[in-house]
Amino acid sequence: MSRGTPHSCREVIKRGPIIAVRQVSSIAHAPKSGTNAARSRPAPMHHFMKPEIRRNAGKVFCMLLLATLTAVASGIGFDRDIRPLLDEHCLGCHDSDSKKGDLDLSHFTSMDAVMKDRSVWRSVYEKVESHQMPPPKRKSQPTTDERQKMMSWIMEVAAQPEPALGARDPGKPVLRRLTRLEYNNTVRDLFGLEMDVFMFPDRLPLASTAYFQPAKGALGGLVEVPVREYGLKYPVLLPELGLPGENRAEHGFRNRGEAMNLSPMLLEQFLAAARDIVNSPKLPQLSNVFRALVTDPAQPLKVLAVDAGGEPTEEAPVWRAAKEFAPNLNLPFQAKQGDVVTLDYQLRFAMQTAVAEGTGGVWDAKARSLVVKAGTPIRVKFGPGNSKALVITPGEPLWIAGFSTAGETSGESLFTNHEKLQKVLTLALAIEGGAAGEGISELAVCALSREKEKGVVEMTAMFSGGGSARLAHDLIEGGGRGNTFFAFRAPKGEHIIRLRMDGSKFSGNYALFDDLAFLTDSAAAMASAPAPVAARKMSDGDRRTVARDRLAGFLPRAFRRPADMGTVARYVGVFDDARKRGAAFEGAMKEAIAAALTSPDFLYIAETGAGRGEVRPLDDYELATRLSYFLWAAPPDDELLAAAARGVLREEAGMEAQTLRLLRDPRSRELGESFAMQWLRLDQLMTAKPDPLLYKGFYSGPQGKVTLHGSMLVEALLLFETVLVENRSVLDFLDPGYTWLNPRLAKLYAADVPAFAGKSANSDVLTDAKNNTQWLRVPLHDKRRGGYITMGGPLTVTSLPTRTSPVKRGAWLLETIFNRPPQEPMIAFVLKEDARAKNEPRSVRARFEQHRNEPACYSCHIRLDPPGFALERFDAIGAWRERDGGQAVDARAEWDGKAFDGPAEYKAILAANPREFTRGFIEHLLSYALSRKLEIFDMPSVAAIQSAAATDGNRLHRILLEIVRSYPFTHIRTRP
Amino acid sequence: MITRRHFLRAAGITLGLPFLESIAKAVPAPQPARFAFIYTPNGYNQAAFNPKTTGADWELTPTLEPLAKLREHIAIVTGLDRQFVGGTGVHAQCGSCWLTSSAPQETLDGGFPTNTTLDQMIAHEIGAGTLLPSLELSCNDFTDNKETRYYECVSWYGPGYAANVERNPRTVFQRLFGKPDAAGTRSILDVVLADAKALNSRLGRADQDKLGEYLDSVRATERRIQMAEKIAGRMKKPPLAEPAGIPESRHEYLRLQAELFVLAFQNDLTRVASLVVDPERWDSPRMFHGLFDRPQNHHVLTHTKGEEAAASVARIDRYHVEFYAHVVARLKATGLLESTTLIMGSGISDGDRHDYADLQVLVAGGGMKSGHFHYEGKRPLADLWLTLAQRAGVKQQRFADSTGTLRELAN
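Keeping their order, the protein sequence lines are chains A and E. Counting from 1, one number per residue, gives the positions in the first sequence under the numbering used here. Counting from 977, one number per residue, gives the positions in the second sequence under the numbering used here.
Keep in mind that the hints were calculated from the coordinates and are not lab data. Treat the hints with care, as some may be off.
Pairs of lysine to any residue, SDA-like flavour, derived with a Cα cap of 20 Å [to be verified]: (1) 689(A) <-> 1270(E); (2) 1173(E) <-> 276(A); (3) 1281(E) <-> 697(A); (4) 1281(E) <-> 694(A); (5) 1173(E) <-> 564(A); (6) 1281(E) <-> 803(A); (7) 1028(E) <-> 1045(E); (8) 1155(E) <-> 276(A); (9) 233(A) <-> 1222(E); (10) 116(A) <-> 156(A); (11) 747(A) <-> 821(A); (12) 452(A) <-> 808(A); (13) 1045(E) <-> 1029(E); (14) 216(A) <-> 583(A); (15) 233(A) <-> 1117(E); (16) 127(A) <-> 803(A); (17) 747(A) <-> 883(A); (18) 808(A) <-> 1272(E); (19) 1213(E) <-> 1157(E); (20) 808(A) <-> 1383(E); (21) 1308(E) <-> 1243(E).
Looking at chain A on its own, in the form it has when it is part of the complex (with noise of 0.2 Å):
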């Protein structure tokens, strides 16, 4: 995406290391015999070497080849060597009358005009390097030397100080806003939530990612990886809440900070987003932070006292209460119905204040399989050394167990009906050794939803006064998207005494619950309580204190860097504003807090530190925050954080700890979420609609709206976390040897890929996958199949709804696999089409050819065409064929000068010169990491990083570390 630099030492490299240092030092030496020794002698050499010697030879190249980059040390002469090639080769169409291509090289008469332009010179590094210039059609070509002659050169004038800054440039700082996404993930971060701000269409419709522990260092086998219908709702803290997302850079990512503008509609459309998140009620429900941030101190947190825990026994049915409600639940749904007063938020927070004080607790049933008879009462500890209980009868036999399906949602264990079908349960309630007339007061239970299961819960609080009350919600199907909390308050003086629980209207053969929350009162305890700290009195000087103190805390953390005095001064004016318009201590600090949201401290990620002189070293709040945006797509964690304030970011070990830490943790998903997904543009392919008539087998289900879009994104979304989860290297993304199927993709690929079918090899593994949730990972025993490039997504992503487009797969590998997007046409029309020609049946095939015969498109179309020849043998949604309509498909074509036949093949040619890719790959992740497009002056830093990687058997971590300690990721020039 990046039209980043043209590579690094691809061309240098492949004629094998040896050759290149030779080529380096004899020119240096002896610029005219060495030519000739450069080409005649050290090839038999390489092949000569053992692996290991070549290796090392390889990282001896490297360090000269940057010993070299740093300094003009080869020799190559401006006048001497370079000006008689551009005279021979380049200005016949390239001066000031011809300007082919908009490309005038005639002015570059010193290196002093090409230092002060240098930027020019790495397109003509990507054209020679490509053989693209001089035209291949042309009779006089310069010879290997020479074209190698050229691009050390440029290389050099690459790694050149820029004069005006008397250092290498690291590039001009980048002010950028979040993107919608990131936006997203710090709102989330910053508040401890556990689901997503809002809804938004690059976030990709999985149900559950549960399956991604990159901590884990493997992925397994077979994964589940459930996946939603795109478009359906999910839970979110603000299903209507919108943002406008990026359009995506040229040839780029969202995240670059040039492409992206504010304009007075978006800043309100912020602002608006801001108080909205602020005012929903779910949010101090679902966040601690903003509960903490807001709840007026006249009436403070209790803090938690520390349980000594301990394992319930199997046998008896006793347990100890647990402390927290449904801490592991995500609860998008309160049943609502009926006239009792509901417990909302507070809920959770009251139950830690009760747990303090031993008035409350939580039955979190956990077994491995028990069943508790009809009659027998259950007993839950709670209160001063657990000296009273809550005791549970209930009425018909309860399964108390672990459920596979709600296992991601509810933790390991649930309570549910024994017998099949009957899914009334009726619990008798008591409170056992409390305090005198002690009874249950509030109480509250969830009730699960399941895969392919849903319908009415229904639930009935009986009192101690003869009253009742009910609730109802239609719980939603799908593995604890439906996830419903149901609450009730006894009256006053009253307490609950049975609870009905009937589950008979859902579907399926059981009603699945957990975490039954209760609260307790009694006369005594209401006398002997100390009076509330509420009903103290609070000065508004006390309040506004506390506020300040609070903002203080709370705007460092949004703002990823310390807020000085009058920052936190200019907001504590916010809560005084909103104070002084009546608003209460809450509603004003959430005026502050939506105005903290609406910051450019928080909106733009800002590179401001101080530093000497033209370039700099970034501080440790700025590596911090590139650091987590990178590889997060999120907002530094407090541990981050605390790193940058030690200090050991900027020190090679600590970078590199804190590195491999944001690896291990599952926000690194957004890597292949974001950074993959738009690198392959395969955020596109939820809108590729293949024909229905024509591709049947792409859609299933009634009406068929079952589709493959969803499938063929987890299987490229797997093929990266596998590589990023098991640091593999990134040549899986070409050729792994495997790849992860379910069966409904199974069957697309059934006709080159028969494991499925039954009847090969693989076979036993692959009856593994039942349903279309499961993955499994699929040996390939040819090469047809595998990476990117022939794989469902990108292969469909590329093609018309009707049919195939040679031309869109040949762009997209360019771009994609290679960095080296092809140029757009410099004219605006294409060619009508022979007169005389017009009337003749031709082939797709033969009317390329014509087209690529022009001479205004060979230069190009000899790059463009041959990949997408390769592919033909996929159809518009990446299956196999042999045919295309009536005529067999001719897969035929050349590339590097070697001719092949159909795409594995293809790939083998790739294959045996995997630098090209690494180098587009490298360029591409260094691209997003940076947030910007790259520059000529980073072609030294990608061809180091490519080096590094090469050592370490190009593993993704490997190049993630060299990444993160370039030159232009930690540097910064201080002006622009």
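Chain A is fixed; fit chain E onto it per the hints.
Same frame as chain A, now just chain E:
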């Protein structure tokens, strides 16, 4: 050249004449001039669009048929040219540089000649007194942001500084007719403006330019809040119900977005609007409700050989002309047509050949002449834009690569 910073700020500082007065008063004052620009992507089917005859009795071609009853108000302008700048996308330049004030050689934006667009220049001239100096709308409801902003934005504040388009009618409604919590918002804007100034003092020049977008936006918002407070006293009730969001039907979506700018004109909340009917290229199929029973990919159709595809392109063109006719009729019905110049066009003529020459532009109202005007040979589109700019009071003798005004069009 007006710099982009100067641009928004000037609009923000000058608080203009009382608004709505012309409507409130019993004796109608002269209506202020208004301008609206509607952009359609991917060119037009040339054969079905271009009338063979010029003058008042232009041939009613299939695409132009919906304009039959509006002849006296409409000028069909054909034959004006633009110049393609090599090296950047053909579709990327169509829309983003349609209204640009930069000549093709002036590529200040990384190869693109984007610059302050005509609508923004006019807004600068006549928009300072209204709630919003200009409105930028889009009916692009694709959820995949697959293309760059060059494909989606026709309105630019300056080189490389696109005006974000609003796709959601509800948000447009709220900006136009909503009653902001003025005191609270002002308090927040004060503090973030102070943050921005503090940040600005620590930034380098290029970043200051970027932060300038933020600073100007805060000031523009402050101004809007101030205006909205005044308007709230006069306009008791919004002239339409708050839209729920983006209508399902494309037909309704287009008309609702247009209705919003027509009502904004009528209530003098803005005097300049642009509306991107659909973004350039954007190869995602979309529904044209009532036109085809299956989603269609407009861009792909323009490059598909055969009569069937050409006929489909013509149907889409006609669908857009029908929409244009609807807006003209609405302006007429609300008494705004005499004061409002309504433009519709595309950045290329033939979509298949990406032809930048011989463009089609529809002009209605604003006291312009009617009839079919065809320009043979080379005549830059910028001449039309210069004509409009001067009519709006912009004191400029040149616009982009203009060679003069089109006197025959202007009364």
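Margin query: Tell me if the straight-line CA distance from residue 1173(E) to residue 564(A) falls inside 20 Å.
Written below: Holds, because 14 Å separates the two Cα atoms, which is no more than 20 Å.
Check: Under the criterion that the straight-line Cα-Cα distance not exceed 20 Å, is the pair residue 1155(E), residue 276(A) satisfied?
Finding: It holds: about 16 Å lies between the C-alpha atoms, which stays within 20 Å.
Notebook entry, point to check: Are residue 127(A) and residue 803(A) close enough, with their CA atoms no more than 20 Å apart?
Noted result: violated (31 Å)
Next item on the list: Assess, step by step, whether the Cα of residue 1281(E) is no farther than 20 Å from the Cα of residue 697(A), and give holds or violated.
Entry: Violated, because 27 Å separates the two Cα atoms, which is more than 20 Å.
Notebook entry, point to check: Taking only the CA atoms, is the gap from residue 1173(E) to residue 276(A) under or equal to 20 Å?
Noted result: Since the Cα atoms of residue 1173(E) and residue 276(A) sit roughly 26 Å apart, the hinted pair is violated (cutoff 20 Å).
Margin query: Checking one constraint from the list: CA of residue 452(A) to CA of residue 808(A), max 20 Å. Satisfied?
Written below: Given that 20 Å is the threshold and the Cα spacing comes to 39 Å, the pair is violated.
Margin query: Against the 20 Å threshold, does the CA-CA distance of residue 808(A) and residue 1272(E) hold or violate the hint?
Written below: holds (19 Å)
Note to self: Hint check: residue 1281(E) vs residue 803(A), CA-CA at most 20 Å. Holds or violated?
What the structure shows: Holds, at roughly 13 Å.
Check: Are the Cα positions of residue 747(A) and residue 883(A) separated by 20 Å at most?
Finding: Within the cut-off at roughly 19 Å; holds.
Notebook entry, point to check: Is it true that the CA of residue 1045(E) sits at most 20 Å from the CA of residue 1029(E)?
Noted result: This hinted pair holds, its Cα atoms lying about 18 Å apart.
Item checked: Proposed proximity, residue 694(A) with residue 1281(E) (alpha carbon, max 20 Å) -> holds (19 Å)
Check: Given the proposed pairing of residue 1308(E) with residue 1243(E), does the C-alpha separation stay at or below 20 Å?
Finding: holds (15 Å)
The structure fails hints 2, 3, 11, 12, 14, 16, 20 (numbered hints given earlier, in ascending order).
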